[in-house]
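Here's the letter readout for the chains.
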Amino acid sequence: MISSAGRIAIKSGEVVLEPMEMLLRSVLSIFNGLATGKLRIKEIVSQMFESAVLSLPVIVFSLTVVSMMSVLEFSWHMKVVLRQDALVPGFSFVLMVREVAPVVTSMLLASRMGASIAAELAFMKITDQLDQLKVLSVSEIDYLVVPRWFGCVFATVVLTLISLATAVIVSAGIASRFMGYQPSEFFNSMFVFTRGLDFWGGIGKALCFGTIIPLVSATKGFNCRGGSRGVGKAATDAVVQSCLWIIIADFILSYFIWTR
Amino acid sequence: MFRKIVEAIRGIKLWARFTLEVFQLFLKKGVDRNAFVSQMYEVGSRSLPITIVAGVFVGAILAIQINLQLKDFGAQSFLGGLSTSTTLRNLGPVLIAFILAGRVGAFTSAELGTMAITDQLNAIRCLGMNPLSVIVVPRLLALIVSSFLLLILGLAMTVLGGAVIAAYHLGVNPVNFATNIPRFVSFGSVFLGVVKSFIFGVMIGSISCYFGYSTSGGASEVGKAVKSTSVVTLISIIVMDFLVSVTGESLSRLLQEVASL
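Line by line, the protein sequences are chains A and B.
Per our numbering, the first sequence starts with residue 1, numbered consecutively.
Per our numbering, the second sequence starts with residue 261, numbered consecutively.
Keep in mind the hints are simulated off the structure, nothing from the lab.
Keep in mind that the hints are not guaranteed to be accurate.
Covered stretches of chain A, going by a simulated chain B footprint (3 or more residues, C-beta under 8 angstroms) [what the hints assert, rightly or not]:
1. 52–62
2. 74–80
3. 113–122
4. 136–148
5. 230–242
6. 248–258
Listed next, the in silico DSSO-like pairs over lysine-lysine satisfying Cα-Cα at most 30 angstroms (straight line) [unchecked claim]:
7. K484/B to K42/A
8. K289/B to K273/B
9. K484/B to K273/B
10. K79/A to K331/B
11. K38/A to K125/A
12. K484/B to K125/A
13. K11/A to K134/A
14. K331/B to K11/A
15. K42/A to K134/A
16. K125/A to K11/A
17. K125/A to K42/A
18. K38/A to K134/A
19. K273/B to K288/B
20. K484/B to K134/A
21. K42/A to K264/B
22. K484/B to K264/B
Beta carbons: idealized from backbone N, C-alpha and C, even for Gly.
Take the sequences, apply the hints, and build the full model.
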């Protein structure tokens, strides 16, 4: 009983502390790179391409479906509460900006990029490529983690913007097709409730989630142990823990940005 | 682009064939009860904590957001009903299923993929048994049953999360929150959430088993299988969510028209 409680405490301490350590080391390495002018621009650009451009079709497709859903569901609820759906565009767009666009985009990215980052780094670990980097005196944080961090942050922010644009277009289309809105009327009523803070809060959330994904996944990749089974486990853990961290961070951010 | 679409359609065909084959095997030969129970333990009870945490936080987040929108109208007394209804019908099952897809689906596809590339499935074939019925049938059934149950538990947890955050930080007392729920949450909404949970369970189970089972090549293929499992499961969850909602909507409209005749 006591020993299992202790084990759980140690395990959860590791889960929280290891990504934190990775965060600190990456920040240090970025400052170091800025000071010496040795940021690896080529790696960073290629990671940005890898994570943003290649995820684009998946994100646009999913967000199209999600925003259709969100408009239809909101119209259902509004009919129940107010017996009309005049406020639907405003309400559904506010929820989209604050919550759905950043969270769904980053969860899709977490499953795509998180799994691939963890699998790649874990594979490098079990084939001793990380030790080779050490022999060449190349810091693995500099070379592997920081470019992925930049790539993921860039990807989450840009893709969140793109998914907002998708949401606007798709929900206007759905509303004019199924609910008898004129698109211009819809656009006017869409931005009634949305304020600057909502937009910046959404972008800020995307920034945080973009930091969570690569750091958690890289930690899992570096800590991979034991053969090909370990690689699979690292990828699984990376996806699960980044999704869980995203939800928890989302709660904390929503609370502090809007409720206070 | 065109090639990718063709590939995707071929993938869907192969997946459907695989799933049908597994179900036929199950109907014909039944399932090994020991393997089923141990799989239930492995994927089900081990995912319990993560589901509870996810459910509580999803409920809390949606309560905060709905509260912000209601506060402008002074309609906070509707909070319990509206946030519970939104969570049960739409966002709750999707977000919890995302996390479960990562936990349960990726785990299964990694395990089956490792079995496939290390020839363990071939070893079973050499013993004269069908790996589909020995390995895949209990896993798929356990995945479907346990993800269904976990999703239902997660949905129950969202109500709890919403009520707690409403009581402590949004100034809506729990009694008010709870009495408001039946005003908006009809039997239809709960049923929709349950149907969605079942369908998400089927998608998570069948897709992860399919990707894991059809892995071939080296160790890096296992990583690829895990990655494509999680991406494809998430997309299929979103699409299924939409399809089920639209079907449910048109069914309920049909029922209303029939009733009004």
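**Asked** Taking 8 angstroms as the C-beta cutoff, is the stated coverage of the region 230–242 of chain A by chain B satisfied by three or more residues?
**Response** Result for this restraint: holds, n = 7.
**Prompt:** K42/A and K264/B: Cα distance at most 30 angstroms?
**Reply:** 29 angstroms, holds
**Prompt:** Regarding the pair K42/A and K134/A, is the alpha-carbon distance no greater than 30 angstroms?
**Reply:** 21 angstroms, holds
**Message:** Hint check: K125/A vs K11/A, CA-CA at most 30 angstroms. Holds or violated?
**Reply:** 22 angstroms, holds
**Item:** Check of the region 113–122 of chain A against chain B for coverage (Cβ-Cβ below 8 angstroms, three residues minimum)
**Value:** holds (count 5)
**Request:** Take the C-alpha atoms of K289/B and K273/B, compute the straight-line distance between them, and say whether it is at most 30 angstroms.
**Result:** 24 angstroms, holds
**Prompt:** Within 30 angstroms, alpha carbon to alpha carbon, are K125/A and K42/A?
**Reply:** Since the Cα atoms of K125/A and K42/A sit roughly 23 angstroms apart, the hinted pair holds (cutoff 30 angstroms).
**Prompt:** Do at least three Cβ atoms from the region 248–258 of chain A come closer than 8 angstroms to Cβ atoms of chain B?
**Reply:** holds (count 6)
**30 angstroms limit on alpha-carbon distance, applied to hinted pair K484/B and K134/A** = 27 angstroms, holds
**Message:** Hint check: K38/A vs K134/A, CA-CA at most 30 angstroms. Holds or violated?
**Reply:** Distance of about 18 angstroms is within 30 angstroms: holds.
**Asked** Given the hint that K11/A pairs with K134/A, does the C-alpha gap stay at or below 30 angstroms?
**Response** 28 angstroms, holds
**Request:** Verify the proposed pairing of K79/A with K331/B, using a straight-line Cα cut of 30 angstroms.
**Result:** 19 angstroms, holds
The structure fails hints 4 and 14 (numbered hints given earlier, in ascending order).
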